[in-house]
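**Q** Residues per chain, in single letters:
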Amino acid sequence: MDLVEVASWRSASQRSDLVLAAGERVVAGGTWLFSEPQPGTTGLVDLTTLGWDPWQRTGTGLELGATCTVEQLLAMPEDVLGGAAALARACADAFVMSFKIAHTATLGGNVALALPAGAMTSLLVALGATAVVWGPGGDVRRQPVADLVTGARATTLAADEVLRAFEVPAASLAAAYAFRRQSLAPHGRSGVVVTASRPTADAVRLVVSAATTRPVVLALPVEGWRDRLATDLAALDCWYDDAHGATDWRAAMALRLAGEAVAEVLAR
Amino acid sequence: MTDLDQRPPGGTPVAAATRVNGAELAGEPAAGQCLRTWLRQHDHLEVKKGCDAGDCGACTVLLDGRPVHSCVVPAVRAVGREVTTAAGLGTPEDLHPVQRRFVDAQGFQCGFCTAGFVTTAAALADAEGRVGEDPERLARDFKGNLCRCTGYRSIRDALAGRTNVEAAPAVGGFGCSVGAPAGPRLATGREAFTLDQPGTGVLHMALLQSPRAHARITRLDTAAAEALPGVHLVLTHRDVPDVRYSTARHESRTDDPDDTRMLDDVVRFRGQRVAAVVADDLVTASRALDLLVVEYADLPVVLDPEQARLPGAPLLHPDLDPVTSRVSDPGRNVVAQTHGEVGDVAGALAASAVRVGGTWRTGRVNQAALETHGARGWLDERGVLVVRSSTQVPFLVRDELAHVFGIRPELVRVVAARVGGGFGGKQEMLVEDLVGLAVLRLGAPVQLELTREQQFTLVPGRHPMRVSVELGADADGVLSAMRVDVLTDTGAYGNHAPGVMFHGCHESIALYRCANKRLDAEAVYTNHVPSGAFRGYGLGQVVFAIESALDELAREVGISPFDVRRRNVVVPEDHFVVNGPPDTDLVFGSYGLDECLDLVEASLERDDLPPPPPGWAVGRGMAASMIATIPPRGHHAEATVTMHPDRSVVVAVGSAEFGNGTATVHTQIAAAELDVPVSAVSLVTSDTARTGYDTGAYGSTGSVVAGRAVAHAARSLRSLLDPMEGPLVGPVSATGRHHGSPRSVAFNVHGFVVAVDPGTGEVRVLHSVQAADAGVVINPEQLRGQVEGGVAQGIGSALYEEVVVDDGPGGDGHVTSRVLRDYRLPQIGDVPATEVLLADTYDELGVRGAKSMSEAPYNPVAPALANAVRDALGVRPHELPMSRDRLWRLMQEERS
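Taken in order, these protein sequences are the chains called A and B. Number 258 in our numbering belongs to position 258 of the first sequence; there are no gaps in the numbering. For our numbering, count along the second sequence from 1 and bump the result up by 1000.
Derived from the structure by calculation, the hints contain no laboratory data. Because the structure is a prediction, the values reported are computed rather than measured. Each hint should be verified, as a subset may be incorrect.
Said to hold, decoys possible - Just a sample of chain B residues kept apart from chain A, beta carbon distances all over 10 Å, derived: (1) D1321; (2) V1569; (3) V1571.
Said to hold, decoys possible - Cβ-to-Cβ under 8 Å is the rule here; a few derived chain A residues that face chain B: (4) D2; (5) V6; (6) L44; (7) L157; (8) G188; (9) R189; (10) C238; (11) D248.
Using N, Cα and C, we set each Cβ at its ideal position, and we do this for glycine too.
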């Protein structure tokens, strides 16, 4: 829809373009910004013209550009994403959005939007990714994506901060993942997304999203994981309540799907 | 890692030409503009607005060959690139292969979503226009293309390359799957819907909606808004005629209470219209809304319909006079009520060998027609107020506008172009009133197009109901007593409240032969968004309860659900009785219920169904419903058929086409009566200045009332033509009329086999079958489409769709599900195939033996599904939608 208050559009080409004037917001590829009225937003600064590489290998793993699109993610060579490739596909399929939007939607945009059902948030938290955040004064800070998303439509990003990239450790790419989701309609917005992996021989890493206002990471022991899982989930206070599922159902589905996912990774 | 901070500056933007369908698009878009409106601003009206939020795909275009939802693409990003729309893919004379597939499969009904489907499919199809038929792939690739009419089967056929339409015979074509005349225009985006009009010279209206659920406006300062350059008019409660009316439209305006002012100094639900601004463009109008200063004094709020009628409850309309306003009891918030009994229900229940009962609840459902409500008005050269509107009832809107403005109906003309879906929602006057007032005040063309959010927060949806049923029967399951108690939540206004309540309780109860019946029903005001007309008009809600109770009775007695119906349904010679004297103008023009029961029963015995997933429970369920073929108390249509010397035929009929298929049907009727090819027949429709009177397209009357008028007219014309010798020297016309009485009945029986996962509440349909008693089939493909579309809507209401309101502690009842993705409108992957079976009947009152079949298929779906879930889980659902969380909770409660 038309954003009636927006009077300016700047296509960013360098970092200094990201210094925002009052009322300006950055816009990425999807673009969710145009799907709802945006009171108070008077200018947009386009991130997709910065020319950031969608991905590159680094000494410690993989760096995904914040403007990497869902399509570019899925088009990465198999050997780059490794064991995470199937997980990336599953997460992309979990979107309620059409491929017609996903091919331009970006990882950074999805994380910054901080919808509980944000499938790229699910993916990046599952991969233990760290967000690289650009501040206005040229500073850079890093924060795990799991901590950056703090609630439904809430992040630690300040108004003048921009997501630059996500660093994925090499070990996460080598891991195997189990993925489960549940929603009120077969292809509707996710009500529960659960991923599980086994980063070390004696630990299981479980991530719950969509069912909770923020992504939840649980470290479970291999022995006795089931009891611990039930205890940890029962202790959560951030079950999400919206049109896509009641909280009691979401909590129960998270427990059920987590049990399946953990059993799957342990069976490997 | 690389140094992220040091990036080369990007290239300077080059001012390349933007090309749309090969032609250069002049000018620059605004900074906050989306591609959809930029294209429409340049009269690319083939790019539709369904949601404006990226969900429905009606605005899909190809950007450099790739499909995008143009409503969420910043127009700036399209500058210098190639845009292809449905109109650029092909023309009606030279269709793109994908467009040919959609025409051949008739992969549309109203056709509002078609251009977006075509552009999406064009990006995925092979050279022959086929996308394929793998259900999982289609579910994934087309989840961003929503269709409300078809139920998607015909769209799947189009994508697979199957043909459903038949070549028309040399003359006639009644009974043939003749393609809809508009098909090629719809597939190429050429068919003009309501607001597909050039943009120049029209002013735009925006609405301020109430932020309070119940309040008196104490101050409304318009000065700043009026001072904004580009603003032409601000309308408030101070500017509107002092006339109360109803947004609901019926043949008789006294069917609905006069409880609504065009703009009021009291707001009664959050979202109600408070003011309207007319400006040069929508951006200016929207800015002006922010400059309006409104102060409110809150009034107490009541949201629970049970509480609303108790003593001491806040009153919504305490000052209305019951007689002149036709509100049954304003002192109890009761808009309409009926309390009556035949026989002795208490005595019969006490003496019954078997008694079953329960209380059922239905949720809020939105019609969700893909085209939002909209109207454009202007004054013609004679000073007549012309309103082009997305209405199912142009004549009724004309009459009410004349009433409200105190002018003669001759000074108002209402025109409906092809309407982008209605489902009852467009049997309301929701935009035409303010547009008309603005035009009369300004003398300039004015347009109002509702947003998708307003479709949820402002447009009346389906009445939520609480229905309690108690049945008594003998040991063989023969009914001895029926006690039904109904409470409907009509929201802040009583539009359609009496009609929906009475109709909902009528054919649902009258379907059963039972000596002792009692019905108590009340429709009450609350501070919710108003409820209104919705496919089935109340029957779906009450049928859900009664058919669930019947299912329980069959279980108690130990007979099949089919047999319990066979033992109790009305048969010809029976009267139609609810809680008083029987109907006098409702008769059995035909009877196919027995056949429908047999057909579905046999189909449910199929042994070739897919196996359920391990651990899932399987269940079978069915339900029946009856519907009068015409609404009561008069429904009028006049048609004029003209034969021209070149043997071309023009049918002028007032009924509107909104996906119901009447354009095709009227063409077929005229061709058959006159022995001409369907290609020789053209239509002039739904224009109060160009056709005779028509009550309108509601109550499934397009075929049985308007169609009979067409048939009468064509027959009269034939009687004039047959004696003539030699070639015609000039046009010859004849007129026919029909008045909607007496009325017949039609029947539908639905059956499901489902698998339910008790652990998650997920329901999977293994088999869906509906048998319809539609009389003689006018157009098999269209009939099948109407049934499938109704079933899909029924499945949506039963499993997925829900308008969520804030009714919790401290809530003010406002709608929180404001976009389609939060409403869960069924996608292509959510709707299973349905086997459609037809009873072989001929209706004496129908048009050439045909009966209505637009609303009816919806009604038995939810109870059939609920009964199948009951069969699978061993516990009965009492609430719609049977969403996964609700069914899961039902199982938890059962276990604990």
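**Q** At a threshold of 8 Å, is the proposed contact between D248 (chain A) and chain B supported by beta-carbon distances?
**A** Status holds, d = 7 Å.
**Q** Identify whether the interface hint at L157 (chain A) stands, where standing means a beta carbon of chain B within less than 8 Å of its own.
**A** 16 Å, violated
**Q** Would the hint on R189 (chain A) be counted as holding, given a Cβ-Cβ threshold of 8 Å to chain B?
**A** Since the shortest Cβ distance to chain B is 6 Å, the answer is holds.
**Q** The output says D1321 (chain B) does not contact chain A. Does that hold with a beta carbon cutoff of 10 Å?
**A** Holds, since 40 Å exceeds 10 Å.
**Q** Can the hint on D2 (chain A) be confirmed by a CB-to-CB distance to chain B that is less than 8 Å?
**A** Nearest chain B Cβ about 5 Å off; hint holds.
**Q** Return the status of the interface hint for G188 (chain A): holds when the least beta-carbon distance to chain B is below 8 Å, violated otherwise.
**A** With Cβ-Cβ at 5 Å, under 8 Å, it holds.
**Q** Examine each Cβ of chain A, and state whether all of them lie more than 10 Å from the Cβ of V1569 (chain B).
**A** 34 Å, holds
**Q** Can C238 (chain A) be said to touch chain B, with a Cβ gap under 8 Å?
**A** Where the cut-off is 8 Å and the nearest Cβ of chain B is about 18 Å from C238 (chain A), the hint is violated.
**Q** Tell me if L44 (chain A) is really an interface residue toward chain B, meaning its C-beta lies closer than 8 Å to one of theirs.
**A** 7 Å, holds
**Q** Check the non-interface label on V1571 (chain B): least C-beta distance to chain A beyond 10 Å or not.
**A** Nearest chain A Cβ is 40 Å from V1571 (chain B), so the label holds.
**Q** Would the stated hint for V6 (chain A) survive a check requiring a Cβ distance to chain B of less than 8 Å?
**A** V6 (chain A) check passes; min Cβ-Cβ to chain B is 3 Å, inside 8 Å.
This entry does not satisfy hints 7, 10, going by the numbered hints stated previously.
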